[in-house]
Amino acid sequence: MSDITKQTLTELVENIKNKKLSSTDVTKAFIERSEKSKELNTYITEDFTSALNKAKKFDQKPNLDLKLPGVPMAVKDLFCTKDVKTTAGSKILNNFVPTYESTVTENIWKEGAILLGKLNCDEFAMGSSNETSFFGSVQNPIDKDLVPGGSSGGSASAVSGQLTPITIGTDTGGSIRQPASFTGTVGLKPTYGSCSRYGIVAFASSLDQAGPMAQNVKDCALLQEVISTYDPKDSTSIDFKRNQYSKELTNNIKGKKIGIPKEYRIDGMPKEIEDLWQKGIQYVKDCGAETIDISLPHTNYALPTYYIVAPAEASSNLARYDGVKYGFRAKGENLIDMYEKTRSEGFGAEVQRRIMIGTYVLSSGYYDAYYLKAQKVRKLIKNDFDEAYKKVDAILTPSTPSSAFKIGEKTNDPVSMYLNDIFTVPVNLAGLPGISIPAGHDSKGYPLGLQIIGKAFDEQNILNIAFAMEEKINFKNKITDWWIK
Amino acid sequence: MSIDLKTIKHISKLSRISVDEKKAEKLAGDLNSIFDFIEKLNELKTDNVEPLTSVAETTLKLRPDEVKSKNIREQIIKNSPQDNEDYFVVPKVIE
Chain A
439 MSDITKQTLT
449 ELVENIKNKK
459 LSSTDVTKAF
469 IERSEKSKEL
479 NTYITEDFTS
489 ALNKAKKFDQ
499 KPNLDLKLPG
509 VPMAVKDLFC
519 TKDVKTTAGS
529 KILNNFVPTY
539 ESTVTENIWK
549 EGAILLGKLN
559 CDEFAMGSSN
569 ETSFFGSVQN
579 PIDKDLVPGG
589 SSGGSASAVS
599 GQLTPITIGT
609 DTGGSIRQPA
619 SFTGTVGLKP
629 TYGSCSRYGI
639 VAFASSLDQA
649 GPMAQNVKDC
659 ALLQEVISTY
669 DPKDSTSIDF
679 KRNQYSKELT
689 NNIKGKKIGI
699 PKEYRIDGMP
709 KEIEDLWQKG
719 IQYVKDCGAE
729 TIDISLPHTN
739 YALPTYYIVA
749 PAEASSNLAR
759 YDGVKYGFRA
769 KGENLIDMYE
779 KTRSEGFGAE
789 VQRRIMIGTY
799 VLSSGYYDAY
809 YLKAQKVRKL
819 IKNDFDEAYK
829 KVDAILTPST
839 PSSAFKIGEK
849 TNDPVSMYLN
859 DIFTVPVNLA
869 GLPGISIPAG
879 HDSKGYPLGL
889 QIIGKAFDEQ
899 NILNIAFAME
909 EKINFKNKIT
919 DWWIK
Chain B
1214 MSIDLKTIKH
1224 ISKLSRISVD
1234 EKKAEKLAGD
1244 LNSIFDFIEK
1254 LNELKTDNVE
1264 PLTSVAETTL
1274 KLRPDEVKSK
1284 NIREQIIKNS
1294 PQDNEDYFVV
1304 PKVIE
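Line by line, the protein sequences give chains A and B. Everything in the first sequence is counted per our numbering, starting at 439 for the first residue and increasing by one. Everything in the second sequence is counted per our numbering, starting at 1214 for the first residue and increasing by one.
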C-alpha cells in the first residue's frame, strides 16, 4: 500500500487495468498522504469523502477501457468544478460554487478519473511563486520555505510531493513550466487553442492555456491526449487533428533540427543554468538530433510586451467581479461605493496592481502608446519564431533563469518577480507549445529545468524530444518527505 | 515618464477600486518601476508593423442561432450575494 503514491500515472493505470489495484486502494493512498501533508498547503478545497465514494462506486462496476480508470486527481483551483467550490486563489471568489464544469475537467472525469480536491495557486493565476494566493503560500517539497513557483504552485507541489499522481495547471506566461522546473516535474503548455478555455477562470484570454503537470513525459502525453479536444464553447478552440500523444510517443529523434537561440544567454544568468543548457545540447546530439544556432532578436522585448498585454486583458476580464452576480460583496453607501469597496477588499495587492496597469494602458490617450505598441511588438516576436521554424523543428532553452527561491525573497519587488518568466513568456505571446523537463540540480540540490519549444500544433514532436532527453538525463527528484511528521 | 498620485486616483476610479492615500503612494511607486521596465519597447520602430490581435490563424466558426441553455435561471442566480426571487439585488440607485 505505502508505495502506491510513488507509482507513475502510467503504472497506476496499468495496475488498475490488471486488477492488481482497485480505485479504492489508490484513492485511499493519495488521500492518506495528502492528509499527512497539510504543511505544504497545496489544497484549497479537499473533496476526499466524495472521492472515496466515487472510487467505491467505480470498483463496483469498473470500466477498464477508459484512459484514466478510477485514478484520483487533484486540479488547480482555476478550473470550474460543478458543485465544488472554485476560488482562483482569491477572496473575491471565496464562496463561489460553480453550477457547471470546465471542458478540460469534464474530459478528465469522462475518462474515469476522480476529483481529489482543488489546488492552491496565485490569485487569478497572477504570480510566479504562489505567494499572492489569498489562501497562503505553498511549500515546495524539495525544501522547507522554498517557493514551488507559480502560478500553478499547488499543482506542482502536489505532483512533486506525490499527493496526486498527475494534475493540470494553466499557463499564461509560464505558470505551468516555471513551477514544473522549480519542483523537478514535467509541465506542458499546449498550443493556444489546443485545450478549451471554457470554465477556466479567465486571466488573459489571448494567452491562457491549460496543460498537464506530471512526474514524467509519458504521463504528461497521456493526460494531454485526454484534455485536448475541440470545443465549440470556446470561440478560440481550434479544430485540428489531435494525436494519441502517449501511444505515438517515441524516443527516435534522429535527424531532428533543434535551434539554440543566442538571445536566451542573458546577462547575469548563473553558470549552472548555462552548464545545464550545454548538457541539454549534448543530450539531444547524443540522441541523433542536430543543433543549429538561431536568433530570436526580439526576445528581450517579450516581458515588457507581456506586462502590457496580460494586464490589459486582465483588467477587462476581471471587470465582472462587481459584488452583484457572484462572489464577495462589501457594504457600500451606494452602488458605486459598493463596487469600489468590494474590489478593493476582495482583490489582493498584485491583482489590483495588474488591473491598474491594464486600465491605464487601455485608457484614453495611452492606448496607442502602450497597448497598440505591444500588439505590434507581439507580432515581431511571433515573426522571430516563424523565421526560426523555417530552419529548425524545435527550440531548446533553459526553463527559468534561476532555481527556486525562498518564500518572501522577491515579494517586495514586482519587476524582479516578473523576470522569472523571461524564457517562458515569448512562447505564450507566439501561441506555441512548450514543455519543461527536469534536467539537473544546482549546487543547493534544487532542480533545474530545460524547455523545448515547438511549432504550433506540434506537441507530439516536443513530447518525443522530451521523452528521448528524459532517458538520457535520468533525473531523480530528491524528495525527503521533510514535511511528514 | 512618471505616474503621479492624480493619475493613480484617476485609474482607480476607472478600475472601480477604492484607494486611500497610503495605498496610492505604494501603487505609484510600483507602477513607475513597472513602466520604467515597459518603456524599453520604445527602442523599437513599429510604424509599419501590423498589430497581432490573435495567434490563432483561423476565422471564427459560425453556428445556428439557437438557444441551448434552457431553464437555468436558478443556476445563474445561485451564487449572487443578494437576490430576490429572480432578480439580483443592488444598493438603491434611484431616489
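Derived by calculation from the structure, the hints in this document are not laboratory data. All residues carry an ideal CB built from backbone N, CA and C; glycine is no exception. There's no promise every hint is true.
[Said to hold, decoys possible] Covered by chain A, according to a simulated footprint, are these stretches of chain B (three or more residues, beta-carbon under 8 Å):
no. : segment
1   : 1266-1275
2   : 1290-1296
[As the list claims (entries may be wrong)] Distance condition first, Cα-Cα at most 27 Å in a straight line; then the derived DSS-like pairs of lysine-lysine:
no. : chain 1 : residue 1 : chain 2 : residue 2
3   : B       : Lys1253   : A       : Lys848
4   : B       : Lys1283   : A       : Lys814
5   : A       : Lys679    : A       : Lys523
6   : B       : Lys1283   : A       : Lys523
7   : B       : Lys1281   : A       : Lys520
8   : A       : Lys529    : B       : Lys1283
9   : A       : Lys700    : B       : Lys1283
10  : B       : Lys1253   : A       : Lys700
Okay, the hints, checked on the actual structure:
1. 1266-1275: holds (count 7)
2. 1290-1296: It holds, with 5 qualifying residues against the three required.
3. B/Lys1253 - A/Lys848: Between B/Lys1253 and A/Lys848 the Cα gap is close to 22 Å, so the pair holds against 27 Å.
4. B/Lys1283 - A/Lys814: violated (42 Å)
5. A/Lys679 - A/Lys523: violated (34 Å)
6. B/Lys1283 - A/Lys523: At roughly 24 Å apart (the allowed maximum being 27 Å), A/Lys523 and B/Lys1283 satisfy the hint.
7. B/Lys1281 - A/Lys520: holds (18 Å)
8. A/Lys529 - B/Lys1283: With a Cα-Cα distance of about 31 Å, the restraint between A/Lys529 and B/Lys1283 is violated, given a limit of 27 Å.
9. A/Lys700 - B/Lys1283: violated (55 Å)
10. B/Lys1253 - A/Lys700: Given that 27 Å is the threshold and the Cα spacing comes to 20 Å, the pair holds.
In summary, the numbered hints that this structure violates are 4, 5, 8, 9.
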